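Enquirer: Dock chain B against the given chain A, drawing on the hints supplied.
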Amino acid sequence: MLNAVYQLKAARQFEVVFKELEMDGKHVIVRPTHLSICHADQRYYQGTRPEAVLRAKLPMALIHEGIGKVVCDPTGTYQVGEEVVMIPNHPCEKDDVIAENYLRSSKFCGSSKDGFMQEYVALLPDRIVRLPKGIDKVTAAFTEIVTVSYHAVSRFLRFSHARRDVIGVWGDGNLGYITSLLIKKMLPEAKVYVFGVNRQKLSDFSFADETFEVSRIPADLQVNHAFECVGGSASGKAIDQIIDCIVPEGTIAILGVSEDPVPIRTRMVLEKGLHIFGSSRSGRADYEGLMRLYRENPDIVSYLENIVGTQKRVHNIRDIVEAFETDIHKMIGKTVLIWNE
Amino acid sequence: MEKTNIFGVVLAGGIGSRMGNVEKPKQFMEIGGKPIIVHTVEKFVINAQFEKIIVLSPRQWIRYTRDIMEKYIAMKDRIDVIEGGATRNETIMNAIRHIEEQYGLDEETIIVTHDSVRPFVTHRILEDNIRLARAAGACDTVIPASDTIVESADHARITNIPERSKMYQGQTPQSFRAKKLRDAYESLTQEEKNILTDACKILILKGEDVRLAEGEVFNIKITYPHDLRVAESLLGGEKTC
Numbered sequence: 043m044l045n046a047v048y049q050l051k052a053a054r055q056f057e058v059v060f061k062e063l064e065m066d067g068k069h070v071i072v073r074p075t076h077l078s079i080c081h082a083d084q085r086y087y088q089g090t091r092p093e094a095v096l097r098a099k100l101p102m103a104l105i106h107e108g109i110g111k112v113v114c115d116p117t118g119t120y121q122v123g124e125e126v127v128m129i130p131n132h133p134c135e136k137d138d139v140i141a142e143n144y145l146r147s148s149k150f151c152g153s154s155k156d157g158f159m160q161e162y163v164a165l166l167p168d169r170i171v172r173l174p175k176g177i178d179k180v181t182a183a184f185t186e187i188v189t190v191s192y193h194a195v196s197r198f199l200r201f202s203h204a205r206r207d208v209i210g211v212w213g214d215g216n217l218g219y220i221t222s223l224l225i226k227k228m229l230p231e232a233k234v235y236v237f238g239v240n241r242q243k244l245s246d247f248s249f250a251d252e253t254f255e256v257s258r259i260p261a262d263l264q265v266n267h268a269f270e271c272v273g274g275s276a277s278g279k280a281i282d283q284i285i286d287c288i289v290p291e292g293t294i295a296i297l298g299v300s301e302d303p304v305p306i307r308t309r310m311v312l313e314k315g316l317h318i319f320g321s322s323r324s325g326r327a328d329y330e331g332l333m334r335l336y337r338e339n340p341d342i343v344s345y346l347e348n349i350v351g352t353q354k355r356v357h358n359i360r361d362i363v364e365a366f367e368t369d370i371h372k373m374i375g376k377t378v379l380i381w382n383e
Numbered sequence: 002m003e004k005t006n007i008f009g010v011v012l013a014g015g016i017g018s019r020m021g022n023v024e025k026p027k028q029f030m031e032i033g034g035k036p037i038i039v040h041t042v043e044k045f046v047i048n049a050q051f052e053k054i055i056v057l058s059p060r061q062w063i064r065y066t067r068d069i070m071e072k073y074i075a076m077k078d079r080i081d082v083i084e085g086g087a088t089r090n091e092t093i094m095n096a097i098r099h100i101e102e103q104y105g106l107d108e109e110t111i112i113v114t115h116d117s118v119r120p121f122v123t124h125r126i127l128e129d130n131i132r133l134a135r136a137a138g139a140c141d142t143v144i145p146a147s148d149t150i151v152e153s154a155d156h157a158r159i160t161n162i163p164e165r166s167k168m169y170q171g172q173t174p175q176s177f178r179a180k181k182l183r184d185a186y187e188s189l190t191q192e193e194k195n196i197l198t199d200a201c202k203i204l205i206l207k208g209e210d211v212r213l214a215e216g217e218v219f220n221i222k223i224t225y226p227h228d229l230r231v232a233e234s235l236l237g238g239e240k241t242c
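Line order of the protein sequences matches chains A and B.
Per the numbering used here, residue 43 is the first one in the first sequence, and the count goes up by one each step.
Per the numbering used here, residue 2 is the first one in the second sequence, and the count goes up by one each step.
Isolated chain A (complex conformation):
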């Protein structure tokens, strides 16, 4: 079948192409209904990735956060009309030690293969997870970024020591909001402190035990462990502050993406005996775990509803461009495309 694929051809320029979508009996066909824009999409859209990267990857359909409805499933795993979340990570091999999202051979929608801005998306049955019944679809659109936080917190539970009285989260954006919310739910005994630059944004973190402006951190403040959710050029400063505030043998989870190398004060990392680990993307187990967490804690989704920003109905390429442009100027919140193209 000829499938319309909405590719980014060059910075700020989309075009539609048609690709043959093989009805091979192995793939489930999903009609995307709600898509959400991520910073990674914006870096391609605005052309801020290095020139060589853009040259190698474009043209490519963007978006790796999205949900849809099953249109056709020759494998019989799903019913037509079921609402599902699409997993963008597509492993090409199985490894008993390395998680699917860290295998160098894995493909990722909107990075190493076309993203979800398509008329239909063909996925293997294990790249789809059923959504809880009645979930708000606009919020569910950005399930992927929530699984990234879930994945990082799950890894943190494996890597960190058990003294988890206070956990600090640096970053007052979407990732900081989601990660601190999940920590609060997955570690209800721990106090969650959130650190950010913007007082107004920090006031949205109503579930946090404390919030601090990074320019006014009390001298005696300590955290047992920390999550860096800042990324970009500011991540160096954030990690520096974390190293100051963290108690010895603490664990630092790095989630923020930076295009450039970030200097780290290794002397203090060594002196405090810190553990630093990176976390990126997620796999099927994280989606399944998150869906369980949603069912057990329905209030998570209502907290997530608070970070829904612009909702844009998309009928054509002009609407796609408007959605991306609007997303650039947002202060916080996820831009969701109600996909009708």
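The hints are all genuine.
Cross-link-like lysine-lysine pairs, in silico, DSS-like; alpha carbons within 30 Å at most:
{"no.": "1", "chain 1": "B", "residue 1": "K77", "chain 2": "A", "residue 2": "K68"}
{"no.": "2", "chain 1": "A", "residue 1": "K51", "chain 2": "A", "residue 2": "K354"}
{"no.": "3", "chain 1": "A", "residue 1": "K68", "chain 2": "B", "residue 2": "K4"}
Treat the hints as calculated values from the structure; they're not laboratory data.
This structure is a prediction, so every number in the text was calculated from the model and none was measured.
Expert: Below, chain B alone, put in the same frame as chain A:
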């Protein structure tokens, strides 16, 4: 498949006399390694809203059409290939008759009629057609006219240049409440029937409401050899799975 009372009607009645020296009707020409009509029918087959897809073919090409449907389309039991009529509207009437005989026809039965040589129709266009036909009884897929339309009654002089902002170019699908369309068609005189090339006009003549569904510039009709080149250029390389 569920009884939805919505039918896809793929019109492959023509024998493609405008296609130059090619031997087969234009709907059987290949783009991206498959006959055009297969691409078109696939868009209907995958959409569960359609109870059945009726493909209307010239009599001498029915066997061939069935064979290629069988060869390329896994869900071939969703497709009925039947004979078209002498004109476009007679072809649509054949489809309605077939639906009535095989699946039953009532006031709510919707048909989404589509040119077999428009393989770039999208899910959105089909869904909009179904929604509008249900709500208003009929709709026509259009795009705003990009060129100025010039009318000439004698094919020599301009008789009118309509305001372009009010002009649209008709595409397909055209979708209808099937019974209402047939009743309107049957009430026409033979002379009226002979001059009507467009199904929507049947309802317009009867003063019925026909809504506009938003088409796409790329929803092209592959009519001339040039269109085949345009169609190939819309294909974007490797497969999506």
